[in-house]
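Novice: Respectively, the protein sequence lines represent chains D and H.
Here the first sequence stands for residues 1 to 159, numbered as in this note's numbering.
Here the second sequence stands for residues 160 to 784, numbered as in this note's numbering.
Please keep in mind that the hints were generated in silico from the structure rather than gathered at the bench.
There may be inaccurate statements among the hints.
Said to hold, decoys possible - With the C-beta cut set under 8 Å, the calculated list includes, among others, these residues of chain H facing chain D:
(1) 202
(2) 205
(3) 466
Said to hold, decoys possible - Where chain H lies over chain D, by a calculated footprint (3+ residues, C-beta under 8 Å):
(4) 18–30
(5) 38–46
(6) 83–97
(7) 100–109
(8) 132–145
As the list claims (entries may be wrong) - Computed Cβ-Cβ distance ranges for the label pairs, DEER-style:
(9) D:113 x H:603: 35 to 41 Å
(10) H:721 x D:157: 47 to 53 Å
(11) D:156 x H:439: 34 to 40 Å
(12) H:491 x D:138: 37 to 43 Å
(13) D:138 x H:417: 46 to 52 Å
(14) H:639 x D:113: 19 to 25 Å
(15) H:732 x D:138: 24 to 30 Å
(16) H:160 x D:138: 20 to 26 Å
Quantities reported herein were computed from a predicted structural model and do not represent experimental measurements.
From the three backbone atoms N, C-alpha and C, an ideal C-beta is built for every residue, glycine too.
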Amino acid sequence: MQATILKKESFDKLRDYIETVEKNETSLIQVLHEAQHIFGYLPKEVQLFVGEQLDIPASKIYGVVSFYSFFTMEPKGKYVINICMGTACFVRGAEAIVKQFEKTLNIKTGETTGNGIFTIDCLRCVGACGLAPVVMVNDDVYGKVTVEDIPKIIAKYSE
Amino acid sequence: MNKIKSFKELMEKQAEFMPMMELRKEMIGDSEYKELLVCGGTGCMSSESEKLLQNLKYEIEKNGLSDKVKASITGCFGFCEKGPIVKVFPEDVFYTEVTPDDAEEIIRRHIIDGKQVERLLYEEPTLHKKVHTQHEMGFYKKQLRIALRNCGLINPELIEEYIANRGYESLGRCLTEMSETEVIDELKLSGLRGRGGGGFPTGLKWQFANKAFSYVKYVICNADEGDPGAFMDRSILEGDPHSVIEAMTINGYAIGAHTGFVYIRAEYPLAIKRLKTALKQAEQAGFIGNNILGTDFSFHIEIKYGAGAFVCGEETALIHSIEGGRGEPTTKPPFPAESGLWGKPTSVNNVETFANIPAIFLNGANWFNKIGSETSKGTKVFALAGKINNVGLVEVPMGITLREIIYDIGGGIKDGKAFKAVQTGGPSGGCITADQLDVKIDYESLASIGSMMGSGGMIVIDEDNCIVDIAKFYLQFTVEESCGKCTPCRVGNKRLFEMLTNITEGKGTVEDLEKMEELAETIKITSLCGLGQTAPNPVLSTMKYFNEEYLAHVVDHICPAGVCQALLRYEISADKCIGCTRCAKVCPVSCISGKVKEAHEIDQNLCIKCGACYDVCPVNAITKG
């Protein structure tokens, strides 16, 4: 996931994808989804590239990227710890879970550890409210998480 | 499947596939043939239901039972608290919290020996009794499933099963036996209202789009379910995607549109996958595409992805997002029915609204309008969550009381705690108190007590939750999700949030409460779109019904629920303290004094209420409150 170097192959891959869609504004959001999938995030260079390819001003692209919370302009860690902050998880103590992750990894929500392994993020409702509070690490889901479970979860991804 | 070229051919297919559903019909009895349906919704999949299904299939194969026993996935049963769920047909046996390792026992004991696996049966929390069949469970007794009719009954990845359960029959009837006006009139007669929150009559909405003159019109399915704690739209798309496709196509026919878009959250990967599969199947079978069922009518559906913006649930914002821009709302009128996507007449409906429509045309408007209350017909799906025993998706007739939902269906409050409030309508709604539990719920009654139907989130709050903290949670959500276009919402809600934060930190005053109320009312009347106009509701309703709790925060500087950290007071009980010094060592501001083996004391003036001492005390001598 950690893509600090923007590879030429990645740009080629994105260009190939853009070839398959209609080159207009309507395709912008889906192209950005694909770009984030390829690069892991949407730095300035990628936004400019998309702008050139779709013939859309860079200001417009930036406007869209900064509007939607799904898009990120910062690279993320290898493992993104997403703590669900939907209402069901909130009333069942998700805030204490966030604090414990922050304390254990010594970073704040939205930040990445110095070694680029973990990022802590919050998300809005994964819809597994029966398992609240829910934590996702990349695609793995942990349900009914307690503060005591956190060291175990972190250890699993630290090796 | 080959392309179906006429309505008659569809009905022949239906008759051909019907036997597939035989074991799953209402008859409870014994049969040497069995079907095991495993929940394949996001909740249960998170608890390894996919592996469970594989193990069941492996055991069936291993024991040579393949001719008589079948295992497959199905959509959400709604009983998410106790997932993964396995249901055995035809006996109606309902196993809960099944792990992949239980597969062997289910096959050996239930299928081969013909006995039930007692330990996996659901136990009614109030009666402490195991329940042997699904229809005897309190959770299901008062439910009526219309929008969720196929969830937990068919395999969402097989179009044949949808057809077998009378799928696409409504579309066929509308296209071959009814005019556009007749379709709209039938829908108006049914009394169906939008399930996304607003409650606007669906038939009327279609009529406006039908009357608008244009050669190009659009249908949009709003699947941008952003209300935190509501997941019915996702469950419908995962469990019964064809019903949404069928209803969108009927909508297209009724208003004269040939293109439809499903605007879906990118955070719903499973729903997207199932929808894509269903679209492909529907196209192959000829239910979407050109000359549907041999008629002149053509309709195409495309998927568009959201990118995490709550405001895109608002129809004008959603339209701008599909157009590729920032999802900012614009003033209405013009309504989308006159000028929507790319300036063309557009009919925007929510997933749950669509899911009701095929059932209405199958059973008739007069069947549907007999269900529900005077002003609100049919059923509503609620996502029941929070401090309640049976978390899950429930579909109930309109007009049911909250008490029935929370106690009869939801099984009461978790861990025997006291009920405090139930929050409905998400960030746009309000809190309902114990005194109002007997209100019959519909669009109007909820609005009259300061809440709203919203998309159907229903969060139960108990005595351990601080009401100010809950209001703050919702407001923080709207502050983060405000698109920033209009000032009342962008600045007003931010100021309101700061005032609430002050209160939870013990810095609020009685004057602040008055100012908050004034500001909240101003935001309501001056914001541009629904998001801003309803954002202060959680604050206003909690201030109205839980005024004492607000006053406790600002006058006495205490948080009765013991949640607001800054208002807590930590004390060491001299009787219990053994003088181990652990608390003094862990205290980051060194405000705990005392000698070894003697009682310790906290200097309240220096304490920063971090709770470190509380966590470390080996004999629970420290109290907080």
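Novice: For the range 24 to 30 Å, tell me whether the beta carbons of residue 732 of chain H and residue 138 of chain D fit it or not.
Specialist: violated, 45 Å
Novice: Lying within 20 to 26 Å: is that true of the beta-carbon distance residue 160 of chain H to residue 138 of chain D?
Specialist: violated, 36 Å
Novice: Counting residues of the region 100–109 of chain D whose CB is closer than 8 Å to a CB in chain H, do you get three or more?
Specialist: As far as the region 100–109 of chain D goes, the hint is violated, because 0 residues have Cβ atoms under 8 Å from chain H.
Novice: Using 8 Å as the Cβ threshold, decide whether residue 202 of chain H counts as touching chain D.
Specialist: holds, 4 Å
Novice: Could you say whether the range 37 to 43 Å given as a hint is met by the Cβ separation of residue 491 of chain H and residue 138 of chain D?
Specialist: Roughly 41 Å apart at Cβ, these two residues keep to the hinted range, so it holds.
Novice: Do three or more residues of the region 18–30 of chain D come closer than 8 Å to chain H, measuring C-beta to C-beta?
Specialist: Since 7 is at least three, the answer is holds.
Novice: Does the Cβ distance between residue 721 of chain H and residue 157 of chain D fall inside 47 to 53 Å?
Specialist: Once the Cβ atoms are compared, 34 Å apart, the range 47 to 53 Å for residue 157 of chain D and residue 721 of chain H is violated.
Novice: Range hint 46 to 52 Å: satisfied by the CB atoms of residue 138 of chain D and residue 417 of chain H?
Specialist: With Cβ atoms ~40 Å apart, the hint is violated.
Novice: Are 3 or more residues of the region 83–97 of chain D near chain H, judged by a Cβ distance of less than 8 Å?
Specialist: Three-residue rule met by the region 83–97 of chain D, so holds; n is 7.
Novice: Residue 156 of chain D and residue 439 of chain H, beta-carbon distance inside 34 to 40 Å?
Specialist: Since the Cβ atoms of residue 156 of chain D and residue 439 of chain H sit about 37 Å apart, the hinted range of 34 to 40 Å holds.
Novice: So the hint says 19 to 25 Å: do the beta-carbon atoms of residue 639 of chain H and residue 113 of chain D match that?
Specialist: Once the Cβ atoms are compared, 24 Å apart, the range 19 to 25 Å for residue 113 of chain D and residue 639 of chain H holds.
Novice: Taking 8 Å as the Cβ threshold, is the statement that the region 38–46 of chain D is covered by chain H upheld or broken by the three-residue rule?
Specialist: violated (count 0)
The structure fails to meet hints 5, 7, 9, 10, 13, 15, 16 from the earlier list, while all remaining hints are met.
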